[in-house]
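Just need the whole structure built from these sequences, with the hints factored in.
Protein chains in written order, with my numbering: chain U, 1 to 173; chain P, 174 to 279.
Because the hints were derived from the structure by calculation, they are not lab data.
Treat the hints loosely; a few may be bogus.
Stated by the list, open to error - Once the Cα atoms are required to be at most 30 Å apart in a straight line, the calculated DSBU-like pairs of lysine-lysine come out as:
(1) Lys207/P with Lys171/U
(2) Lys92/U with Lys246/P
(3) Lys240/P with Lys171/U
(4) Lys255/P with Lys171/U
(5) Lys232/P with Lys171/U
(6) Lys92/U with Lys255/P
(7) Lys171/U with Lys253/P
These figures come from a predicted structure and were not determined experimentally.
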Amino acid sequence: MSDSILRKFRWFWAWDDEREEAWLREMSQQGWHLQKVALPGFYTFAKGEPRDYVYRLDYTRTLKKNADYFSLFRDSGWEYLGEMNEWQYFRKEALGGEAPEIYTDNESKVQKYRRLMGFLLIFLPIILINIINMSRIESKTASASMWVNIVLLGVYVFGMIKLYLRVEALKRL
Amino acid sequence: MDKDLQKYIPLSESTYYILLALSEPLHGYGVMQKVETISDGEVRIGPGTLYGAFATLDKEGLIWMVKEEERRKCYALTPKGKQVLAAQIDRLELMAHNGRQVRPLL
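Structure (structure tokens):
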């Protein structure tokens, strides 16, 4: 592998998009610019001059990702880097110290997180059914699987609460 | 005011400026540029916000696609969109008028 390419694996929860954006910006400030993303969390960076690129992630499952969507971002100076799990990765250089935004009001930010929460909702019955089914079977693997799902449920509830609080905070502003 | 129009008032600042810009047919990026120009850079609309707003306004019948230029859809106000925008402007006139009476006391 050449010195000018860096591949990293990093796991981000769906509610950590802002932390992911900040991490990608820091990488660019060190001269590592995101080239592409791949499931479940592979990031390919290319070495270049350090630049203050601002990264923004859009969640678009229920928005139709059509040509209009992409030409609007391209026209307004956003470079498209790729997609991972319905998250669209865009970047634009911060000029004059001002970080550009793809969502410029709270209403539309709330809409983005509502779309995300709507999608995450489908996991709840899956996790609950797993827990109930596994609790009925008497075996070590079933009991282990049940506990894995209980931990998952904990993470899930934690994430949903975080998203809910973020939406509430945005609505109050 | 018409009940049907009333539910849209007050418009959010972004929606208000998008409708103002669409008094002439424009594509998405044209709206973003025009809003920034007419507000002296005070109001900026990002592509994520604009894309969602266009979808909603189209669904609500306040704007419609009038033509396609260089594979970009141009939108304009529908008659209903014009009524909603007019109602919003009237409301803002009233609010500004009321505000001006208090402004010197502050």
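Hints and how they fare:
1. Lys207/P with Lys171/U: Holds, at roughly 27 Å.
2. Lys92/U with Lys246/P: Cα-Cα ~24 Å, so holds.
3. Lys240/P with Lys171/U: violated, 36 Å
4. Lys255/P with Lys171/U: holds, 28 Å
5. Lys232/P with Lys171/U: holds, 23 Å
6. Lys92/U with Lys255/P: The given pair, whose Cα atoms are some 35 Å apart, is violated under the 30 Å limit.
7. Lys171/U with Lys253/P: Distance ~28 Å between lysine 171/U and lysine 253/P Cα, so the pair holds.
Consistency with the previously given hints fails for numbers 3, 6, ordered from lowest to highest.
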